[in-house]
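Chains as they are written, first to last, in our numbering: chain B, 13 to 381; chain W, 13 to 381; chain G, 13 to 381; chain C, 13 to 381.
Treat the hints as calculated values from the structure; they're not laboratory data.
Note that the coordinates shown come from a computational prediction; the quantities given were computed from them, not determined experimentally.
A portion of the hints provided could be inaccurate.
Pairs of lysine-lysine, BS3-like flavour, derived with a Cα cap of 25 Å [stated by the list, open to error]:
| no. | chain 1 | residue 1 | chain 2 | residue 2 |
| --- | --- | --- | --- | --- |
| 1 | G | Lys374 | C | Lys184 |
| 2 | G | Lys128 | G | Lys141 |
| 3 | G | Lys374 | B | Lys374 |
| 4 | C | Lys128 | C | Lys141 |
| 5 | C | Lys184 | G | Lys370 |
| 6 | B | Lys141 | B | Lys128 |
| 7 | C | Lys141 | W | Lys184 |
| 8 | W | Lys141 | B | Lys184 |
| 9 | B | Lys370 | G | Lys184 |
| 10 | W | Lys184 | B | Lys184 |
| 11 | W | Lys141 | W | Lys128 |
| 12 | W | Lys184 | C | Lys374 |
Here are the simulated distance ranges between beta carbons [as the list claims (entries may be wrong)]:
| no. | chain 1 | residue 1 | chain 2 | residue 2 | range |
| --- | --- | --- | --- | --- | --- |
| 13 | G | Asp48 | C | Arg154 | 20 to 28 Å |
| 14 | W | Thr321 | C | Ala164 | 36 to 44 Å |
| 15 | B | Glu45 | G | Pro111 | 54 to 62 Å |
We put the beta carbon where it would ideally sit given N, CA and C, even for glycine.
Number of protein chains: 4
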Amino acid sequence: MSEVDIGMGKAGRRAYSLDEVAIVPSRRTRDPEDVDLAWEIDAFRFELPVIASGMDGVVSPTTAIAFGQLGAVAALNLEGLWTRYEDPTELLVEIAEAPDDEVSERLRAIYREPVKPDLIGQRVKEIRKAGVISCGAVTPHRVEDLTDAIVAAELDLLVIQGTVVSAEHVTKGVDDPLNLKTFVRRLDLPVLVGGCSSYQAALHLMRTGAAGILVGVGAGRSSSTRRVLGTGVAQATAIADARAARMRHLDETGVYVHIIADGGMATGGDIAKAIVCGADAVMLGAPFAAAVDAPGRGHHWGLAAAHPTLPRGSRVAVGTRGTLEQILTGPAPDDRGDLNLMGALRRAMALCGHATLKELQKADLVVTS
Amino acid sequence: MSEVDIGMGKAGRRAYSLDEVAIVPSRRTRDPEDVDLAWEIDAFRFELPVIASGMDGVVSPTTAIAFGQLGAVAALNLEGLWTRYEDPTELLVEIAEAPDDEVSERLRAIYREPVKPDLIGQRVKEIRKAGVISCGAVTPHRVEDLTDAIVAAELDLLVIQGTVVSAEHVTKGVDDPLNLKTFVRRLDLPVLVGGCSSYQAALHLMRTGAAGILVGVGAGRSSSTRRVLGTGVAQATAIADARAARMRHLDETGVYVHIIADGGMATGGDIAKAIVCGADAVMLGAPFAAAVDAPGRGHHWGLAAAHPTLPRGSRVAVGTRGTLEQILTGPAPDDRGDLNLMGALRRAMALCGHATLKELQKADLVVTS
Amino acid sequence: MSEVDIGMGKAGRRAYSLDEVAIVPSRRTRDPEDVDLAWEIDAFRFELPVIASGMDGVVSPTTAIAFGQLGAVAALNLEGLWTRYEDPTELLVEIAEAPDDEVSERLRAIYREPVKPDLIGQRVKEIRKAGVISCGAVTPHRVEDLTDAIVAAELDLLVIQGTVVSAEHVTKGVDDPLNLKTFVRRLDLPVLVGGCSSYQAALHLMRTGAAGILVGVGAGRSSSTRRVLGTGVAQATAIADARAARMRHLDETGVYVHIIADGGMATGGDIAKAIVCGADAVMLGAPFAAAVDAPGRGHHWGLAAAHPTLPRGSRVAVGTRGTLEQILTGPAPDDRGDLNLMGALRRAMALCGHATLKELQKADLVVTS
Amino acid sequence: MSEVDIGMGKAGRRAYSLDEVAIVPSRRTRDPEDVDLAWEIDAFRFELPVIASGMDGVVSPTTAIAFGQLGAVAALNLEGLWTRYEDPTELLVEIAEAPDDEVSERLRAIYREPVKPDLIGQRVKEIRKAGVISCGAVTPHRVEDLTDAIVAAELDLLVIQGTVVSAEHVTKGVDDPLNLKTFVRRLDLPVLVGGCSSYQAALHLMRTGAAGILVGVGAGRSSSTRRVLGTGVAQATAIADARAARMRHLDETGVYVHIIADGGMATGGDIAKAIVCGADAVMLGAPFAAAVDAPGRGHHWGLAAAHPTLPRGSRVAVGTRGTLEQILTGPAPDDRGDLNLMGALRRAMALCGHATLKELQKADLVVTS
């Protein structure tokens, strides 16, 4: 641990972002065609180690199916537009077209509509009917209310996600706050839970029985957590700390809990670096918002953007660059790096000589300035 | 102490700014509503750990009352416009509207008017009459002259403030320079004194009997101390050094002297980081100058801006962003981070699992680039 | 080795770019006229330690001759326009003039034309006829196909070059992949092979029997390897690691394998720094593309820019600055540093007191931020 | 010594620029009026620790007198316009007004005019007649030719200055190169010699018998040495290394050789930091070029800008900011930091509690990013 003295009365650890590391090619190279990008969690196997983030500008039932058919998986926001409204198409247009100075107010108004439990069932059914694995995201403070609807919907994979999610949420004045330690084990479906950004927090989330944890607090480029709240750990360090927690948890329990790097990645190189740091898969939001077929029409926003007194994040215009398929698996017409993320990951692995994601995790890194 | 060799003949310590550190969430989270932001010093309790800086563009008797009613406290500049002029309203307009190339000259002219001791009494009375705690700021070289007026005014809290204030000011040719070591103890009201920026300087200021010390030299974004004079310590380190001085002083005397971080903070996250470094409260100037109801009409300046031969700082235009209340306690309509500073502090503490400021002081930090 | 903990579960080495180092003058100075820039490899002696990179925008048979006459050597791309087309002059104009949004498509189309083995012979003959040393570059996956043509052409010096080239390329589904370990030794001409960017990779390339290795992965300013693929090692470190490999290989075999720093250098100072890190010579592409007499008419591009699904690099417009001769040996009319690269190298050596390149390799470096 | 591994085969020392350090206030403060800025070297005492650099845009006989009368000293370039031309006034105007793309050529033409030894005598006489200490600068390769003229002129202080000057210049083909080791001692006037930038180089220059050495290679903001040649040491480290050499030389010989920091300083704070690193005085060029009464009319340039094949530096337009007096001793109307350099140095010393330059040398530094 690179502990440094901030001053005579306080020390801190040096933390590194993904931008500060780079992968060292090994002494072998491989053909890109021989590289295997598959990832397995619980009973599921995915051809690509990518989860689309549960943002309404990125994941609709339609794009969830598209992601599944391409080999990835997408988390539908179970507290988003598609479970609040029968047909949010008009609202998505409205959000995309609202003037900058009105959009926050409009988001607050649109998200005041309550979540309808029966719409959760309907959306999950739409996705499952297409033959792809269904995945939905909820926030910790709503998950108990929505559990019955989620279970009834036969969702395949549940993501419990917030800016920071801990295994021990302390609440005064509420008789029975959500206790993830017992809640996750009671559920009969695999759960991914996070974000978290430290060894201790990751270890305790692993101990809840989650199949995977989301690592990343304030790591996303569109996040304002770091700036507004001063909170967060640079992502390369956060992942590497969670990796140590995974090793300890595996040693103590024999259970391998997956690490999903969440936020702060824009290119296949970023994804490769996250995996070398220790991630098993990545969760991406903003990069997919630039798809012409994404519901946000070149925009993305998070639930926190609709917070009434302290919004974090807002509607971010990213423009459109290509189809979801182009973004995920190419082809890319140029070298900007935001298209064909999986092709770039595959080529990075080939150049560095790694045939599988588990091999890639063992690659060497250099730290640069 | 991270001592580095600058060269073979000189070493230095590595110092860190608040921008270079970030708070690591703990393994617990809390509800924002359960977080307590209260701060106590001497006989006073404040709901919010914020002192508005004694700048004429920020604190007038009217805004001092507003700050007090919101749970904070504001230091009125006792050598400023409100104690030099019966009614400085016109002058404030003039300063705000002066062309850039004339404003320095105008400031010098306006501040040539002498301070009137009886106006000190009148201003303090106005503030106390509103039922809020009165606080006033003076410079070290004027404090003795103004002591009688200050004591007569029954001021609650005195700030003795300069760019750098030491417990041992050395003067040739003056029979009896201000000796803070005896002066502070003689006063019958709690005194905050600073700025300072090293362990030794902080320790010696604590030994004067001050209730609190201001930490920060050249830390403010509008300060030119660092650039023009080459002097100053990056703020995270300055606070952490003062924290070590506080521990030693507490060990030697049993007295806990408060650390007020002064300068260089713009968001609730910055405030949270200053507290994790060791601050008990913060002094803010520039962030409040953007209040529509601040006297500076979107501008701020310090006394040093009126220096006749070597001005430091000048009139800085910051525009207007919202009311004082919005800046301090929200609501914020967007995620720029400059509104609802206390809401952001509260949320940062909740996410990181800390219920009180003393708990927050124990949080972990990472150092980033 | 400056190993740093990226996090609790992953460490990395600190790597430095050439921009982060500077040469310390020794306690001697010399006259620039007394400095010897000559470099010898195998049976060849060059007055200047520079290889022009095998880019079609930089090296044509004509400019290869010019480089040779100036004391350097240029690698003609043996899979480029001059071995695909009898006369590519029109195509070079077309590439230079294509609109930005069409150039990638045009490059792909133009480079679909097959390489003609007999054109290889013809181009090498043109160069040799002018009395300069002929040098050609091929990619690893084409080198076996083209070997007969290359040998028949009596090429003097062969460069086997790819983004990353390893001594051990692993391929499934191909009966007999290129095995550099045996292939290089079988050839009867000196071979330079690379890029590589680590001690192990460099050592294994040296063991193939190569006369020199190219060091640099993603180091070029026009390269997108680092950004898109996340792969690469900062160049000062990559060269210094290869230097350690050269020492070990020399110790084990008595054979001195040359290190050619490739990419990331724009000025004579950059070249000097690469040599101090351990390089024997440098390979430069982009800096020469700005020659008025370069075939790219102020543009350069690599083969990877024509990749059908994941292009890296593209046509880069650099404008024109002077003649090839001015860029290489001056005179320079101003101090931008991109003209008279060898004059600057010579002067740097004189100021620092080093008479030969081998002496320069022993100079002291400082690391800066 | 902070040695870092650049790679496995090469190490380097970490070096710091003046921008990376800041002065820590001590536990004392002083009145600015009590600060003494005087500096003594050989038989001379100067009220201000400043030498104006021998640039034709900065120092003419007239401004040399003005600098002397203000308490500083100015080095007239003895190979500059005033010793090549009887009256260069017209040429100075021409240089200032030449279009950017013609100025390099004009500089080369103007500086082709030979130096006239009798003009050296005339210029020194003009300066001495005004009652100020005369100082002139020559390059190492001209100093022997001009020695007779310099001695005959009864110059008070000689500066032998080049980009890098070493005690051991090695020349082939010249029977008797300048040997500073014997040359300096033979002269009957105090000599300042440099630049240098390492412990060894500084130590050997001190052993020539020089009264002072100039420290700084490529440190000036207008210098292109670092960029074009890759050569130089960040200035804080260069000064601190020279300080160690001064200690050793003092220990070995009992002689205190002065360190003149040269280049890279723009404000009083920069000057203060150079002194804390170990400088006894500073040499400044560019900051004075902005004087309305400087000969360059808002421009400066060095001799190297007129180099025929590899110019370093060029004519740099800095505009005009105030009189020489304002730049040196104020008053400053604003807080940009480029006026009243000595007032800022004085105030920095007062804030940090140091009464003399020798005390300031002992101040603490922090290293920042």
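Quick rundown of the hints versus the structure:
For a cut-off of 25 Å, the pair hint linking lysine 374 of chain G to lysine 184 of chain C stands: about 21 Å separates their Cα positions. Using a Cα cut-off of 25 Å, the hinted pair lysine 128 of chain G and lysine 141 of chain G holds, with the two alpha carbons roughly 20 Å apart. For the suggested pair lysine 374 of chain G and lysine 374 of chain B, the alpha carbons sit about 35 Å apart, so the restraint of at most 25 Å is broken. Between lysine 128 of chain C and lysine 141 of chain C the alpha-carbon distance is near 20 Å, which keeps this suggested pair within the 25 Å criterion.
Restraint check: the Cα-Cα separation between lysine 184 of chain C and lysine 370 of chain G comes to about 19 Å, which is no more than 25 Å; the hinted pair holds. With a CA separation close to 20 Å, the supplied pair lysine 141 of chain B and lysine 128 of chain B stays within the 25 Å bound. Between the alpha carbons of lysine 141 of chain C and lysine 184 of chain W the distance comes to roughly 37 Å, so the proposed pair goes past 25 Å and is violated. Taking the CA atoms of lysine 141 of chain W and lysine 184 of chain B, the gap is near 37 Å; set against the 25 Å cutoff, the hint is violated.
The hinted pair formed by lysine 370 of chain B and lysine 184 of chain G meets the criterion: a straight-line CA distance of about 19 Å does not exceed 25 Å. Annotation: proposed proximity of lysine 184 of chain W to lysine 184 of chain B is violated, straight-line Cα distance about 61 Å (limit 25 Å). Our distance criterion of 25 Å between C-alpha atoms is met by lysine 141 of chain W and lysine 128 of chain W, whose separation comes to about 20 Å. With a C-alpha separation of about 21 Å, the suggested pair lysine 184 of chain W and lysine 374 of chain C falls inside the 25 Å cut-off, and the hint holds.
Aspartate 48 of chain G and arginine 154 of chain C have their C-beta atoms about 26 Å apart, which keeps the hinted 20 to 28 Å range intact. Range check, threonine 321 of chain W to alanine 164 of chain C: Cβ separation about 43 Å, and the 36 to 44 Å hint holds. In this structure, glutamate 45 of chain B and proline 111 of chain G break the distance hint of 54 to 62 Å, their C-beta atoms being roughly 33 Å apart.
In terms of the numbered hints stated before, the structure departs from hints 3, 7, 8, 10 and 15, listed from lowest to highest.
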